[in-house]
Amino acid sequence: MLSEEKLIMTSSPHIKTEDDTRSIMLDVIIALTFPLIMAICFFGWRSLTLTLTAVASCIAFEWLYRYFMKKPSSIGDLSAVVTGMLIAFNLPVTTPMWIPVVGSFFAIVIVKQLYGGLGKNFMNPALGARAFLLSWPALISLWVKAKPLADSSFPLLKSISREALSPDVIAAATPLAKMKQGFLPSTPMPSVDGDIVSTLRDMAVGNIAGCIGEVSAIVLIAAGIYLIVRKVITPHIPLAYISTVAVLTYLFPRGGNDPLQWMLFSLTSGGLMLGAVFMATDYVTSPVSKTGRIIYGIGCGLLTVLIRYFGAYPEGVSFAILIMNVCVWAIEKISRPGRFGVKRFKKAGDTK
Amino acid sequence: MPLSFRGGVHPDDKKADTRKKAIEVLPAPGQVVLPVSMHIGAPAAPVVSVGEHVKMGQVVAETAGAVSARVHATVSGTVTAIEPRPHPNGTNVMSIVIENDYNDELFEGIKPVDRFHSIDAQELADIAEAAGIVGLGGAMFPTHVKISSSVGKVDTLIINGAECEPYITSDNRQMLECGEEIINGVTLLMKALKLDTAYIAIESNKRSAIEKIRRLIAKKDGLKLKVLRTKYPQGAEKQLIKSVCGREVPPGGLPSAVGVLNINVGTVIALSRAVETGMPLLTKVVTVSGSAVANPKNLLARIGTPLRELFSAAGGFKDNPYKVLMGGPMMGISQYSLDVPVIKGTNAILAFCEKEDAYSEQQVCIRCGKCVGACPMNLMPVYLHMYGNRGMLDECEKLNVTDCIECGCCSYICPGRLHLVQSFKNTKQRLAALKKKKGAR
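Same order as they appear, the protein sequences are chains A and B.
Quick note: the first sequence uses my numbering, first residue 1, plus one each step.
Quick note: the second sequence uses my numbering, first residue 353, plus one each step.
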């Protein structure tokens with residue numbers, strides 16, 4: 001059988017790696033389930049309903065926008081799922097359920113699709129949504145610390161008010177809020193209402209008040225290692241980001257605290273690990289070259305510390321990353337890989 | 353730690369189907385088609401006419417210009433046509449068609465070189481030119497030009513046995529079966545060019561070839577084995593030189609600019625044979641493989657044999673071929689006809705079933721930067737693609753699109769399935785056309 005009637009002609013290469021956008025996003029989703037599990041452990045099943053609400057609304061808005069704009073559907077690339085999970089992860093468990101819906105609309109329609117969809121947006125959709133949702137500060141800043149596995153503490157869908165918190169839940173200041181005033185989270189502050197003491201171990205495991213996806217530093221680091229091993233991300237951005245924060249906080253501890261303690265609490269508090277692993281590494285809004293990624297990571301770290309130290313808001317991670325997002329174009333210009341073949345070489349026996 | 357370069361990709365090497373298949377001699381076909389362009393440079397000029405009887409090894413087309421190469425009759429018989437015929441590059445090229453008389457009558461002028469041990473560079477170049485030898489790794493650059501332009505400029509000889517393209521095992525088999533001739537050829541080149549050092553570079557996945565060469569060079573001075581990391585495009589000239597001796601060939605430059613002469617193992621064998629026996633380049637070792645091929649194997653075919661004959665000898669197709677390639681899957685050229693002939697640069701012909709095809713209609717760049725990490729020439733494919741698609745040729749030139757070696761790593765690794773290298777080929781052509789137009793003014 002030697003027929004050649006239907007031979008197809010294409011330009012090389014004729015083979016491709018099996019990894020495509022969908023499989024990469026699936027890997028990110030797998031990595032995001034690590035902190036999701038911790039969120040359920042620490043804040044109960046409401047963390048899951050918040051996450052599912054955000055994911056469902058992201059998928060719905062993406063599908064609706066593409067449908068009405070007569071564009072091919074893009075929900076199959078799973079990027080909307082990632083955005084949804086990240087939006088929820090940046091909210092406290094007490095957030096009303098309509099908040100992630102509004103956030104998803106802003107992230108998917110305004111930040112992403114209006115600019116042309118996946119790959120075209122210039123800032124991270126989930127972080128854009130978080131900044132937008134800060135328009136309702138009172139609704140997304142009821143911080144609580146729940147007893148681990150207190151899964152009956154929160155209603156799955158109904159709104160939560162401070163007064164109606166069950167007795168095994170404490171409305172608490174986040175470790176970051178204490179650090180803003182120059183105190184280590186491990187220092188008791190009896191004068192402050194709702195003060196809780198968080199040891200370094202609490203910080204690392206995630207037994208603290210905070211957004212549902214950001215609390216467990218150890219699990220987030222594990223998720224980062226998973227992404228690096230799976231070659232979804234390169235280590236440049238997270239390492240540059242975290243090291244910059246580590247160096248700066250060690251050199252300039254606040255409130256006369258021990259530099260090492262201050263550094264370790266700084267690294268494990270707030271959204272730093274979530275931001276460094278999942279937000280700053282967002283492909284679309286970060287540089288493409290190694291050098292660019294290092295510059296970008298250092299920038300994120302520098303701005304995070306500056307905002308935490310001098311800003312009005314205790315947390316600096318999301319604003320730092322958003323600011324660096326819009327600097328990417330400039331970073332790309334100065335971080336091109338060196339041209340091949342312009343280095344000088346030495347011939348054998350060359351004396352010059 | 354095997355030697356390497358920056359970037360590259362790791363496709364499944366798929367060499368297991370033919371790695372252990374010894375080279376089989378394919379009987380000469382009833383008719384050979386010999387294009388006058390089986391090399392880079394000016395097409396050779398036919399020196400025979402229709403109806404003429406030619407002998408095996410006789411020159412049928414003569415070198416025409418400084419960079420050009422001879423074509424020899426690969427069978428004895430009668431010239432039946434001199435006309436444009438389909439060429440593996442996709443166009444029709446003037447070709448000399450010879451009807452085989454099956455006598456394999458050898459041309460009288462073929463005789464070994466006498467002063468074997470004192471050949472100088474010019475003599476070696478002349479022998480290569482007379483034998484019609486070109487770079488057999490696929491680039492098909494005339495070897496005599498390479499040798500004569502290296503005199504006095506080169507301090508290092510690299511023999512390329514990397515064979516980094518998936519599926520292909522023809523160089524591997526030649527290293528195993530013709531190792532002595534490789535050593536012989538290398539020694540000739542070293543003496544002619546007065547070189548002290550030569551490296552034979554082989555990718556780490558060819559263990560038996562590495563062992564074979566290691567044994568053969570054990571007592572030879574100046575001959576060194578370099579084991580390279582298995583990574584595509586390890587066998588690309590610039591990447592090979594970088595891996596072996598850390599030198600970077602400058603943009604637009606030749607290996608001689610960094611003191612290197614780089615020759616493929618098959619070419620060295622051809623050179624050694626031309627000196628020892630006087631035989632011009634008449635045959636080529638070709639890997640026949642791919643998912644549609646019933647019995648993949650390595651064949652020694654006369655140059656000019658239609659692809660159809662090679663596929664038949666490999667048991668024909670077990671499944672309808674969807675795509676047929678000359679060369680490997682990363683840089684090979686797809687073919688529309690099985691009548692095109694084996695040419696000097698043919699190292700493999702592959703036939704694939706439909707499911708292997710990686711073509712995708714939906715293309716979305718997610719800016720993951722994997723193309724930037726994979727580019728062995730330090731380019732930024734993501735931006736070249738963006739500017740190229742918008743016709744911003746100046747920007748592409750600023751980002752050195754002309755440095756692209758078209759290895760295909762970027763397209764291979766792209767999760768958004770963008771046709772990256774395809775678009776750069778286009779951009780380079782448009783840039784070249786623009787330059788020509790400007791020059792004409």
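These are computed hints drawn from the structure, not numbers from a lab.
Quick reminder that beta carbons are idealized off the backbone N, C-alpha and C, glycines included.
It is possible that some hints are incorrect.
Some chain B residues near chain A, calculated using beta-carbon distances under 10 Å [unchecked claim]:
#1 528
#2 530
#3 673
#4 721
#5 773
#6 777
27 Å max Cα-Cα, derived DSSO-like pairs, lysine-lysine [stated by the list, open to error]:
#7 A:343 with B:463
#8 A:343 with A:120
#9 B:777 with A:6
#10 A:16 with B:564
#11 A:333 with B:373
#12 A:343 with B:367
#13 B:546 with A:16
#14 B:543 with B:372
#15 B:576 with B:372
#16 A:343 with B:707
#17 A:16 with B:367
#18 B:505 with A:120
#19 B:787 with A:16
#20 A:333 with B:750
#21 B:564 with A:6
#22 B:780 with A:333
#23 B:572 with A:120
#24 B:564 with B:505
#25 B:790 with A:343
#26 B:788 with A:120
#27 A:231 with B:787
#28 B:707 with B:367
#29 A:290 with B:750
#30 A:71 with A:16
#31 A:16 with B:463
#32 B:546 with B:576
#33 B:367 with B:564
#34 B:505 with A:333
#35 B:750 with A:343
#36 B:788 with B:750
#37 B:788 with A:16
#38 B:372 with B:407
#39 B:750 with B:707
#40 A:343 with B:578
Each hint tested on the structure:
Because the smallest distance between the Cβ of residue 528 (chain B) and any Cβ of chain A comes to about 26 Å, over 10 Å, the interface hint for this residue is violated. Among the interface hints, the one on residue 530 (chain B) is violated; its C-beta lies about 29 Å from the nearest C-beta in chain A, farther than the 10 Å criterion. A least Cβ separation of about 7 Å between residue 673 (chain B) and chain A falls short of the 10 Å threshold, and the interface hint therefore holds. Hint status for residue 721 (chain B) relative to chain A: holds, with the closest Cβ pair at about 3 Å, below 10 Å.
Interface restraint check: residue 773 (chain B) against chain A, minimum CB-CB distance 7 Å, threshold 10 Å, status holds. Here the hint on residue 777 (chain B) is kept, as its CB sits about 7 Å from the closest CB of chain A, short of 10 Å. The straight-line distance between the Cα atoms of residue 343 (chain A) and residue 463 (chain B) is roughly 46 Å, outside the 27 Å bound, and the hint therefore fails. Our distance criterion of 27 Å between C-alpha atoms is broken by residue 343 (chain A) and residue 120 (chain A), whose separation comes to about 35 Å.
At most 27 Å may separate the alpha-carbon atoms for a hinted pair to count; residue 777 (chain B) and residue 6 (chain A) meet this at roughly 25 Å. At roughly 33 Å between alpha-carbon atoms, residue 16 (chain A) and residue 564 (chain B) are farther apart than 27 Å, so this suggested pair is violated. Annotation: proposed proximity of residue 333 (chain A) to residue 373 (chain B) is violated, straight-line Cα distance about 51 Å (limit 27 Å). For the proposed pair residue 343 (chain A) and residue 367 (chain B), the alpha carbon gap of about 35 Å is over 27 Å, so the pair is violated.
For the suggested pair residue 546 (chain B) and residue 16 (chain A), the alpha carbons sit about 44 Å apart, so the restraint of at most 27 Å is broken. Restraint check for residue 543 (chain B) and residue 372 (chain B): the C-alpha separation of about 34 Å exceeds 27 Å, so the hint is violated. Of the pairs offered as hints, the one joining residue 576 (chain B) and residue 372 (chain B) holds, with about 25 Å between alpha carbons and a cut-off of 27 Å not exceeded. Using a Cα cut-off of 27 Å, the hinted pair residue 343 (chain A) and residue 707 (chain B) is violated, with the two alpha carbons roughly 44 Å apart.
The suggested pairing of residue 16 (chain A) with residue 367 (chain B) holds, with an alpha-carbon distance near 17 Å, which does not exceed 27 Å. For the hint linking residue 505 (chain B) to residue 120 (chain A), the alpha-carbon distance of about 50 Å lies beyond 27 Å, and the restraint is violated. Between residue 787 (chain B) and residue 16 (chain A) the alpha-carbon distance is near 33 Å, which puts this suggested pair outside the 27 Å criterion. A distance of roughly 12 Å separates the Cα atoms of residue 333 (chain A) and residue 750 (chain B); the hinted pair therefore holds under the 27 Å criterion.
With a C-alpha separation of about 43 Å, the suggested pair residue 564 (chain B) and residue 6 (chain A) falls outside the 27 Å cut-off, and the hint is violated. Distance hint between residue 780 (chain B) and residue 333 (chain A) is fulfilled; the C-alpha atoms sit about 22 Å from each other, no more than 27 Å. The straight-line distance between the Cα atoms of residue 572 (chain B) and residue 120 (chain A) is roughly 59 Å, outside the 27 Å bound, and the hint therefore fails. Simply put, residue 564 (chain B) and residue 505 (chain B) have alpha-carbon atoms about 31 Å apart, too far for the 27 Å limit, and the pair is violated.
Using a Cα cut-off of 27 Å, the hinted pair residue 790 (chain B) and residue 343 (chain A) is violated, with the two alpha carbons roughly 31 Å apart. Annotation: proposed proximity of residue 788 (chain B) to residue 120 (chain A) is violated, straight-line Cα distance about 35 Å (limit 27 Å). With a C-alpha separation of about 41 Å, the suggested pairing of residue 231 (chain A) with residue 787 (chain B) is violated against the 27 Å cut-off. About 19 Å separates the Cα atoms of residue 707 (chain B) and residue 367 (chain B), which keeps this hinted pair within 27 Å; it holds.
Between the alpha carbons of residue 290 (chain A) and residue 750 (chain B) the distance comes to roughly 20 Å, so the proposed pair stays at or under 27 Å and holds. Annotation: proposed proximity of residue 71 (chain A) to residue 16 (chain A) holds, straight-line Cα distance about 26 Å (limit 27 Å). Note on residue 16 (chain A) and residue 463 (chain B): the hinted pairing is violated, with a Cα-Cα distance of about 48 Å set against a maximum of 27 Å. Of the supplied pair hints, the one linking residue 546 (chain B) and residue 576 (chain B) holds, its CA atoms being roughly 16 Å apart against a limit of 27 Å.
Pair hint residue 367 (chain B) plus residue 564 (chain B) holds up; C-alpha atoms about 18 Å apart against a cutoff of 27 Å. A hinted pair counts as satisfied when its Cα atoms are at most 27 Å apart, and residue 505 (chain B) with residue 333 (chain A) does not qualify at roughly 37 Å. This hinted pair checks out: residue 750 (chain B) and residue 343 (chain A) have alpha carbons roughly 18 Å apart, not beyond 27 Å. This hinted pair checks out: residue 788 (chain B) and residue 750 (chain B) have alpha carbons roughly 18 Å apart, not beyond 27 Å.
A threshold of 27 Å between alpha carbons decides the hint, and for residue 788 (chain B) with residue 16 (chain A) the separation of about 35 Å lies outside it, so the pair is violated. Between residue 372 (chain B) and residue 407 (chain B), the direct Cα distance comes to roughly 35 Å. Violation of the 27 Å bound is thereby established for this hinted pair. For a cut-off of 27 Å, the pair hint linking residue 750 (chain B) to residue 707 (chain B) is broken: about 39 Å separates their Cα positions. Our distance criterion of 27 Å between C-alpha atoms is met by residue 343 (chain A) and residue 578 (chain B), whose separation comes to about 23 Å.
Checked against the numbered hints given earlier, this structure breaks hints 1, 2, 7, 8, 10, 11, 12, 13, 14, 16, 18, 19, 21, 23, 24, 25, 26, 27, 31, 34, 37, 38, 39; the rest are met.
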